[in-house]
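Below, each chain spelled out in residue letters.
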Amino acid sequence: MIPELGHLAMILALCMAIIQGTLPLIGAWRGDRLWMGLAQPAAWGQFAFLLFAFACLAQAFLADDFSVTYVAANSNSALPWYYKLSAVWGSHEGSLLLWALILGGWTFAVSVLSRQLPEDMLARVLGVMGLISIGFLAFLIVTSNPFERLLPQAPADGRDLNPLLQDFGLVVHPPMLYMGYVGFSVAFAFAIAALLGGRLDAAWARWSRPWTLVAWTFLGIGIVLGSWWAYYELGWGGWWFWDPVENASLMPWLVGTALLHSLAVTEKRGLFKSWTVLLAIAAFSLSLLGTFLVRSGVLTSVHAFATDPERGVFILAFLLLVVGGSLTLFALRAPVVKSRIGFALRSRESLLLVNNLILVVATATILLGTLYPLLLDALSGTKLSVGPPYFNTLFLPLMALLMFTLAVGVLLRWKDTPLQWLLGMLIPVLLASVALGMLASLWFDDFYWSVLAVSLLAAWVILAGLRDLLGKIRHKSVLQGLRSLTPSYWGMQLAHAGVAICALGIVLSTQQNVERDLRMAPGDVLELSGYRFGFEGTTHAEGPNYVSDKASIRVSKEEGSEVAVLHPEKRLYLVQRMPMTEAGIDAGLTRDLYVALGEPLENGAWAVRVHIKPFVRWIWLGGLLMACGGALAASDQRYRVKVKTGVRAALGMSNRGVQA
Amino acid sequence: MNPVRKKRLFIVLAILAGVGIAAALALSALQQNINLFYTPSQIAQGEAPAGARIRAGGLVEKGSLERGQDSLTVSFRVTDGIATVTVRYQGILPDLFREGQGIVALGRVDANGALLADEVLAKHDENYMPPEVTQALEQSGMLKHYETANRETPK
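These protein sequences, in sequence, are chains A and B.
Here the first sequence is numbered in the UniProt record's numbering, starting from 1 and rising by one per residue.
Here the second sequence is numbered in the UniProt record's numbering, starting from 1 and rising by one per residue.
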């Protein structure tokens, strides 16, 4: 009964979405206030029905209702309750429902928090989000209904959740990622609404900026969680594989980063309007492309679960419709008024333009590497894959260039900057960062150019940030000065520091990584760069739905002091008879000790993988700092309190601008 | 040419040059780093280039897995139903590596026609088969056989 109610709620949500996606848009076009007013209640109704549908599915999981096909395929009565709950989005149908729910949630948030928007703008934004929702709900109901029943022969027990997903990282990773993907639909809807209304101005940029920031923050957290999960759960000790699905999440993030910076220019200076709109369209299209890649099974990927090509065709058609439709609209309506505002070469505008170009080129190279195998397969039937060296050789220099320009861009002022002043700011920073870079590369035993380069660049970025901070508070006392800075300024500083820390983590952990795969019998000791790993054999352990071989590995410093006892496990999940590796990790700020079990060999010996990874935590720490920066910037008061007056002022200004 | 036009021309040329260089770099990096896929039959017929890093895939033949005594050297045979190729690998095999399953290995073909793999991939999902392997089995007509064998095992 309850699954049927959920199904019904889903269909009602689709009806709401159809109302929300059509009538308000027509109303905004004809100036009909009644029809425009339908957008909000329709959005609320849609969200309520989706929430109900999601609750029904969650109830089916918690109550072990194995007559529902999706539950039977992805759950088991022995599963702990929290994994039963996370199994709701453990596979295709449920994750799409989660996607639709999150889209409903974002729509609801926009309709509640953006009441100060002009009526027609709000109606258009909600209308566009309704159209997106129609696409997803139709997809959900037609091709992937999670409420389908297995009647009359319901199985006695379910086939269990894929053991890889039975982990805390994977409980939170998909919702975060989806919050990000779907969040870009808000920026997209604002861009399309502005195109429809023919009003691309600073006000529009100010409205969509906090939404973009929040979406970008969630996407960043999602990517970090995914990378962290891959590190401890896959048992290879890697944290990024340039896998198509990882690329699919990185691309919208990169374009989203570009969008944030370009929105800043549009808001502050009224420039780059068309470019910003294009970026907003690109960010959402790349999110959709990511969904297509994950769900269609066209790619060879560690994430490619058994999938259905028909679904891929549907998403591809939807993707083409969204990209084609929005680009056509862009071609028709992109601002014909040329902005007459100029800027000099040494201005923040031009450096932000360089930032945008680098990020877009980086995205394009990733897109090329991700889609090239697909295109070639479709055209000539040749099967190939593009290896990580391709991505590394192109992406890493681009990011180095980005870090170099970042520091300059932070210090530059809008419009124009006197060269003398700029040099006065930059030369001390340059000298200090060269000195720090040298020191850092000498600190490690062997010399590597990459270590020198990354420590220099990281110091360059952080010191330039500090220099700017000092410049900002030079006329006040320190405490007063620090307090006078806005949250969005602090957010920027935090995120930029995150970039530097993340880069340090990436290069140091890759360059200084020590690893050994070897056979270890009980009593064997491995000495590896100052640590002694003593293998003490395995014991049998049992979990709620698995049995496991749990090893004890005593790690001590060479001089004898004990560091940790690690317990890597090899689990066998009983329902799917699937083996899983749980790595034993001693985490630290400057190094991780990582031990994973391979396969059992004879006489109690095991294949063991031992890694020492310096500074690997910094990668995720940096990623989290960037996300914190985004959240802090989005919390800035100016997006809320002064919005009303700010919007009026900006509107008045831009109207005059058009008339002039 | 007036200064404004000259400036514009300069900007356009600079952008074109930048795009050109970037595209050339990207394509050359791409050329050097693609790994073509070969089926066991193709490798047996000597179609795979010697020395180049390739991908090969198929089903791991039952009973073909051999381990070295004191090291982590393994060797196994991969088949598409027509031909088999011996794969040698040093290191830890992925969790889902099992005899009878579809895998993909990356490495170089040696003079004896064996694949010296530096990476072996098996997927997250038990029912998942790498698309290349599916196609290789389709070509050799072994897919149906594989699917019926799989269906017999109770789910």
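Simulated from the structure, these hints should not be mistaken for lab results.
In this text, all values refer to a predicted model and were calculated from it rather than measured experimentally.
Positions of the beta carbon are idealized from the N, C-alpha and C atoms, including for glycine.
Honestly, I wouldn't trust all of these hints.
Simulated pairs of lysine-lysine, PhoX-like, Cα-Cα distance not exceeding 25 Å [to be verified]: (1) K268/A with K472/A; (2) K6/B with K415/A; (3) K550/A with K472/A; (4) K415/A with K268/A; (5) K415/A with K62/B.
If you want the ones that stay clear, here's a sample from chain A, every Cβ over 12 Å from chain B, calculated [to be verified]: (6) D64; (7) L164; (8) G369; (9) G381; (10) L384; (11) F391; (12) T393; (13) F404; (14) L411; (15) L422; (16) G471; (17) Q480; (18) D517; (19) P579; (20) L601.
Non-contacting residues of chain A with respect to chain B, defined by C-beta distances greater than 10 Å in every case (computed) [said to hold, decoys possible]: (21) R115; (22) S274; (23) S385; (24) L436; (25) W449; (26) T486; (27) R519; (28) M578; (29) E599; (30) A607.
Status of each hint after checking the structure:
1. Note on K268/A and K472/A: the hinted pairing holds, with a Cα-Cα distance of about 18 Å set against a maximum of 25 Å.
2. Proximity of K6/B to K415/A is assessed by CA-CA distance (about 22 Å); at most 25 Å being required, the pair is judged to hold.
3. Between K550/A and K472/A the CA atoms are separated by roughly 56 Å; this puts the pair beyond 25 Å, and the hint is violated.
4. The straight-line distance between the Cα atoms of K415/A and K268/A is roughly 11 Å, inside the 25 Å bound, and the hint therefore holds.
5. The hinted pair formed by K415/A and K62/B fails the criterion: a straight-line CA distance of about 70 Å is larger than 25 Å.
6. Every CB of chain B is more than 12 Å from the CB of D64/A (nearest about 18 Å), matching its label as outside the interface.
7. Not every beta carbon of chain B lies more than 12 Å from that of L164/A, the smallest distance being close to 5 Å; the non-interface claim is violated.
8. At roughly 7 Å, the least C-beta separation between G369/A and chain B is not larger than 12 Å, which violates its mark as non-interface.
9. Its closest Cβ contact with chain B, about 9 Å, brings G381/A to no more than 12 Å, contrary to its assignment away from the interface.
10. Its closest Cβ contact with chain B, about 5 Å, brings L384/A to no more than 12 Å, contrary to its assignment away from the interface.
11. Annotated as non-interface, F391/A brings its C-beta within 12 Å of a C-beta of chain B; the closest such distance is 8 Å.
12. Listed as a non-interface residue, T393/A fails to keep its Cβ farther than 12 Å from every Cβ of chain B; the least gap is roughly 5 Å.
13. At roughly 16 Å from the closest C-beta of chain B, the C-beta of F404/A stays outside 12 Å, upholding its exclusion from the interface.
14. Chain B leaves L411/A outside its interface by the beta-carbon criterion, the shortest separation being 24 Å against a cut-off of 12 Å.
15. Here L422/A stays apart from chain B, with its beta-carbon at least about 22 Å from theirs, past the 12 Å limit.
16. Residue placement check: G471/A keeps its beta carbon more than 12 Å from all beta carbons of chain B (closest about 31 Å).
17. For Q480/A, the shortest C-beta to C-beta distance to chain B comes to about 44 Å, beyond the 12 Å cut-off, and the non-interface label holds.
18. Under the 12 Å C-beta cut-off, the non-interface status given to D517/A relative to chain B is violated; the minimum distance is some 5 Å.
19. Remark: the non-interface label on P579/A conflicts with the geometry, its nearest Cβ contact in chain B lying 5 Å away (cut-off 12 Å).
20. Non-interface call for L601/A relative to chain B: violated, since the shortest CB-CB distance, roughly 7 Å, does not exceed 12 Å.
21. Annotated as non-interface, R115/A keeps its C-beta farther than 10 Å from every C-beta of chain B; the closest such distance is 43 Å.
22. For S274/A, the shortest C-beta to C-beta distance to chain B comes to about 16 Å, beyond the 10 Å cut-off, and the non-interface label holds.
23. Once the 10 Å rule is applied to beta carbons, S385/A is inconsistent with being away from chain B; the minimum gap is 5 Å.
24. Consistency note on L436/A: stated as away from chain B, and its beta-carbon is indeed over 10 Å from all of that chain's, at 30 Å minimum.
25. Listed as outside the interface, W449/A is consistent with that label: its C-beta sits roughly 19 Å from the nearest C-beta of chain B, beyond the 10 Å cut-off.
26. Every C-beta of chain B lies more than 10 Å from that of T486/A, the closest at about 34 Å, which supports listing it as non-interface.
27. At the 10 Å boundary, the C-beta of R519/A falls inside the reach of chain B, the nearest C-beta of that chain being 6 Å off.
28. With a least CB separation of 6 Å from chain B, M578/A falls inside the 10 Å interface cut-off, contrary to its annotation.
29. Separation of E599/A from chain B is inadequate, the least Cβ-Cβ distance of about 6 Å not exceeding the 10 Å criterion.
30. For A607/A, the shortest C-beta to C-beta distance to chain B comes to about 5 Å, within the 10 Å cut-off, and the non-interface label is violated.
Comparing the model with each numbered hint stated earlier shows that hints 3, 5, 7, 8, 9, 10, 11, 12, 18, 19, 20, 23, 27, 28, 29 and 30 do not hold.
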